[in-house]
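Enquirer: Listed below, chain by chain, are the residues.
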Amino acid sequence: MAENTNLQEQYRKKKNKEEMKQQVITFVLMILFTVIAFGMVIYELDKLFVIPTLLILAVVQVGFQLYYFMHMSHKGHEMPALMLYAGAFVAFLTVLTLSVLIWW
Amino acid sequence: MSSDQTLNPETLPEQPERATLEGKNKFLGFWFFLGGETVLFASLFGTYLALNNATNDGPGAEELFGLELVFIMTMLLLTSSLTSVYAMYHMKNNSFSKMQLWLGITVLLGLGFLGCELYEFYHYIHGEGFTLRSSAFGSAFYTLVGFHGGHVTFGLLWIVTLMVRNAKRGLNLYNAPKFYIASLYWHFIDVVWVFIFTVVYLMGVI
Numbered sequence: 001m002a003e004n005t006n007l008q009e010q011y012r013k014k015k016n017k018e019e020m021k022q023q024v025i026t027f028v029l030m031i032l033f034t035v036i037a038f039g040m041v042i043y044e045l046d047k048l049f050v051i052p053t054l055l056i057l058a059v060v061q062v063g064f065q066l067y068y069f070m071h072m073s074h075k076g077h078e079m080p081a082l083m084l085y086a087g088a089f090v091a092f093l094t095v096l097t098l099s100v101l102i103w104w
Numbered sequence: 001m002s003s004d005q006t007l008n009p010e011t012l013p014e015q016p017e018r019a020t021l022e023g024k025n026k027f028l029g030f031w032f033f034l035g036g037e038t039v040l041f042a043s044l045f046g047t048y049l050a051l052n053n054a055t056n057d058g059p060g061a062e063e064l065f066g067l068e069l070v071f072i073m074t075m076l077l078l079t080s081s082l083t084s085v086y087a088m089y090h091m092k093n094n095s096f097s098k099m100q101l102w103l104g105i106t107v108l109l110g111l112g113f114l115g116c117e118l119y120e121f122y123h124y125i126h127g128e129g130f131t132l133r134s135s136a137f138g139s140a141f142y143t144l145v146g147f148h149g150g151h152v153t154f155g156l157l158w159i160v161t162l163m164v165r166n167a168k169r170g171l172n173l174y175n176a177p178k179f180y181i182a183s184l185y186w187h188f189i190d191v192v193w194v195f196i197f198t199v200v201y202l203m204g205v206i
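Same order as they appear, the protein sequences are chains A and B.
For the first sequence, my numbering gives the first residue as 1, with consecutive numbering after it.
For the second sequence, my numbering gives the first residue as 1, with consecutive numbering after it.
Isolated chain B, as found in the complex (with noise of 0.2 Å):
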């Protein structure tokens, strides 16, 4: 079978993330790089934790952070990462519209959480003088959380590509893997995000 074929539900292969070689690979490959962003979070994380009582007379954690902020955050990326799921689940029944409209609400919901982010930051630059050069508590900070908003960011980006560059090409096993993976992507993001909100702002505030 070529992998140019355009799918119709007669030719559907069970997962056609995976049909190919090519998609093999491309899965393969991806899961790679996560374990590789698994540690490169990880080594962001474990410069906040050591330098965030280093505050320079300035702003603790405690004063800065609001948690309704955060929490309207996180249930905005939690439910993308769900539309995210219908996407991939519309895919896999092969409803190329579908799949385009569930990708369309997680990129609305991801531009709401980008939002959020840009709100927070600017209140705080602004409002409270709290910036990256303020004192290593705000270079860490801004460095995790900044690189997490960096991923949202690289993921929108991503995802409204393959949307446009697939609009008229429909679902097949050329296509099929690369929306799958940036699904991946995309759900990683809010793997990283639920540490963010557990260890950064909700242990800060304690």
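Looking at chain A on its own, in the form it has when it is part of the complex (with noise of 0.2 Å):
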């Protein structure tokens, strides 16, 4: 019984060891992406290429935080996932609103 448990610990921690490569990974992506908007503006690319292309960045980013970072991709996530879409659904329509009002 005590070996027993004693492997479902080890293998636990096995689990937790390939999870945490992972977000050392993610990490390494989340850099190499800030580096590449931040060299974008520096060498000053044409406009119209770099402004979607930064947003995309800052969404991929942002997914990479929330999904490993914060654990989304973890079981038992609905809700969190269900929160934060409806919250990121009124912030779209709270920033569209407030950009077109002074569109003219």
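Source of the hints: derived by calculation from the structure; they are not laboratory data.
Positions of the beta carbon are idealized from the N, C-alpha and C atoms, including for glycine.
Listed below are several chain B residues computed to face chain A (Cβ distance under 10 Å; list not exhaustive): (1) Leu34; (2) Gly36; (3) Val70; (4) Tyr89; (5) Leu184.
Straight-line alpha carbon distances no greater than 25 Å define the calculated PhoX-like cross-link-like pairs of lysine-lysine that follow: (6) B:Lys98 <-> A:Lys15; (7) A:Lys15 <-> B:Lys178; (8) A:Lys15 <-> B:Lys24; (9) B:Lys178 <-> A:Lys75; (10) B:Lys178 <-> A:Lys17.
Reconstruct the complex from the two isolated chains, following the hints.
Expert: Have a look at this one:
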């Protein structure tokens, strides 16, 4: 019995370690995205290309943060996802409204 | 199982942050709160986007912002996000002292970020005469970025309080959810910062 729990414990630690490895890879990718974002602005690439690319990089980076660092990819995160996406939807409407208000 | 029971490797549940009803409630309640925070920051972002050209003949975004400091701040905050992931990794492996160590590193990186931000604001106010009152752009900028800085300050106080309060208690099912939620808050601060450095600084100097 004691041996059994010990095995379980080992298995869990190994699983945690593998997850941590993924987290470090995520982190490296996020650093890379940030460097690309700053690089594009510093080297003054075409504005029409840079702005949408910056926004896409930001959204992907935030996705990494949410799904890996904040564990939203784990089981039992249906309600958190609902809350966050509802929040993001209202956030989108808010930004849209405030931008359209000053359009003309 | 009593929720106050001190954990040891034999009794550690797989997800200590959600092993008790109180932990589950905290977890859900906190994500509700984050949904609301998203909207709150969106209204500040929307205001900034609407007003960032109203400079009242003062300096605009392009003249003010220097990317070097913002890059350093971004790296500090992003790294502190990873160190708090490490802290939660050690929490799940039930090694309290390592968790405390990584939380301590997170706090130091957060303090570094805050120091840079204070330096930046000081420079704008005393070097450039760019204040909260100098233009609508100034008001929108300081409200948005300052509110994020306020979140950083609050997060630091939160994490330090948890570390000090539980220093002699060790890890148990009562405080594991508290640590976990503080780390979620810290990640969310980084989420907001990603949009701030993209929308305010990078898109500001283009």
